[in-house]
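Undergrad: So the chains spell out like this:
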Amino acid sequence: MATVLRRSPALVLSAAATVAIALVMPTPASAQSEVSGWFTGYAMGNRYGAFGVEVTDGMFANHTPQDCPGDPAAYWAVGSSITLVSPSPIVEHDAWGATTYYESLTVEDSGDPSCSQGNYWADVYFGRFKLATEPCDCPGSPSPGYCIDDQAGYTGNACNDATNFGRAWATYWSPP
Amino acid sequence: MQRCHELRTRLGYLLVAALISTLSACGTALPKPTPAADAVSVGGYRIELVLESDAVYGPAPSAAWQRSALPGLGARCRWERVGEAITTAWFVWGGRQLSELSGYTPTQTGTHAEREGGLPDDAVTDSTTATVYCGARDANGFHLAALRFTFHRAGDHTDVLSENLEGIERAE
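Chains A and B, in that order, are what the protein sequence lines are. The numbering of the first sequence is the numbering used here, which starts it at 1251 and goes up by one. The numbering of the second sequence is the numbering used here, which starts it at 625 and goes up by one.
Some hints could be false.
Coverage of chain B stretches by chain A, computed from C-beta distances (three or more under 8 Å per stretch; other residues unrestricted) [as the list claims (entries may be wrong)]: (1) 685-696; (2) 714-722; (3) 727-735.
Here are the simulated distance ranges between beta carbons [as the list claims (entries may be wrong)]: (4) B:A778 with A:T1306: 34 to 44 Å; (5) B:T711 with A:G1368: 25 to 35 Å; (6) B:R794 with A:G1302: 44 to 54 Å; (7) A:R1297 with B:V706: 41 to 51 Å; (8) B:D780 with A:T1405: 24 to 34 Å; (9) A:S1330 with B:D750: 42 to 52 Å; (10) B:N788 with A:S1330: 43 to 53 Å; (11) B:A684 with A:S1364: 14 to 24 Å; (12) B:E708 with A:T1421: 19 to 29 Å.
What the hints contain is simulated information worked out from the structure, not anything from laboratory work. For every residue, glycine included, the Cβ atom is placed at its ideal position computed from N, Cα and C.
Excised from the complex, chain A in its bound form (with noise of 0.2 Å):
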């Protein structure tokens, strides 16, 4: 004998009713969201960064929850990486004078203390190279820093790249 199942009105509205949420509002498929804050740049400085790691081209630094604990930003963690939307790619050099781009940064040091750029602030990192004679060093990194000399025949200079690049308004998805 075959079962009839019968269902009861309120289970099928309560079912339709599901289904519809579900529909209108998906369920997010992570963390990340589209966020805008200033980038600036910084070059030379320590060999190693806050976090004890060689800070080196395609990284940024951003606030620590102790300095800025305002800045949902300051409490990615160490070593997540965000997504650029606008401007994206960013262009930045190596020793070599290759050039390379850019689309995604990953955070491995920190800084501005005094939290003076606004949340979700990145300081990209643009490198160490420097022509033999110039001085290891350049404004806002610790000087004298560690640094790498142009090769190649490159005169290159990663602070001249950070200073070029000055303070832009920028767009991107924060980490998952």
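Starting from the structure of chain A, add chain B where the hints point.
TA: Just chain B, lined up with the frame of chain A:
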């Protein structure tokens, strides 16, 4: 009563005239900067390039973006794509030598880019003149605003005496 009023009015005119005369005699102030246009339209972009007087700018500031060849003087540049959508535009900035700072992909109509900071060393031509460039590079070449200005360096700040902004198209 009417006489008193006239006397007061005349006295007022005399005081104002004396004040103007005294200020004119002291006339050692630098001439006011010639107002420049804030923006130019070139190659599908509207480019705004203005000088910024701010004590944070100088040769030895607290952050790289504030380093400037001229004390107390920086610049702010903002461009907006007003032409049709294109794949990518690159933000270009500099003095005699231009640098590509970042890309905007895609560049839609209305896409905008902004940068502020100090002036590069090679923007300064001599002790009184400088030229800074800002704009975009795309598949059709460079689309730039050139801001030429004369200045007077005065200790920890720089007085701008005259400015001229013009649009420049340059092939790749």
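Undergrad: The structure should be examined with respect to each hint, and the outcome stated for every one.
TA: Here's how the hints hold up against the structure:
Given a C-beta distance limit of less than 8 Å, the hint that chain A covers the region 685-696 of chain B holds, as 7 residues qualify and 3 suffice. For a cut-off of 8 Å, the count of residues in the region 714-722 of chain B with a CB near a CB of chain A stands at 4, and the three-residue condition holds. Counting residues of the region 727-735 of chain B whose C-beta lies closer than 8 Å to any C-beta of chain A gives 4; at least three are required, and the coverage claim holds. A C-beta distance of roughly 41 Å is found between A778 of chain B and T1306 of chain A, which places it inside the suggested range of 34 to 44 Å.
Judged by the Cβ atoms, the range 25 to 35 Å given for T711 of chain B and G1368 of chain A holds: they are separated by roughly 31 Å. A hinted range of 44 to 54 Å for the beta carbons of R794 of chain B and G1302 of chain A is consistent with their spacing of about 46 Å. For R1297 of chain A and V706 of chain B, the hinted distance range of 41 to 51 Å is satisfied, since their beta carbons lie about 45 Å from each other. The given range of 24 to 34 Å is respected by D780 of chain B and T1405 of chain A, whose C-beta atoms sit roughly 31 Å from each other.
Distance hint check for S1330 of chain A and D750 of chain B: the Cβ-Cβ separation is about 48 Å, which falls inside the suggested range of 42 to 52 Å. The hinted window of 43 to 53 Å between N788 of chain B and S1330 of chain A holds, with their beta carbons roughly 47 Å apart. Distance hint check: the CB atoms of A684 of chain B and S1364 of chain A are about 19 Å apart, consistent with the given range 14 to 24 Å. Taken as a hint, the range 19 to 29 Å holds for the pair E708 of chain B and T1421 of chain A, whose Cβ atoms sit roughly 22 Å apart.
Of the hints listed earlier, there is not a single one the structure fails to meet.
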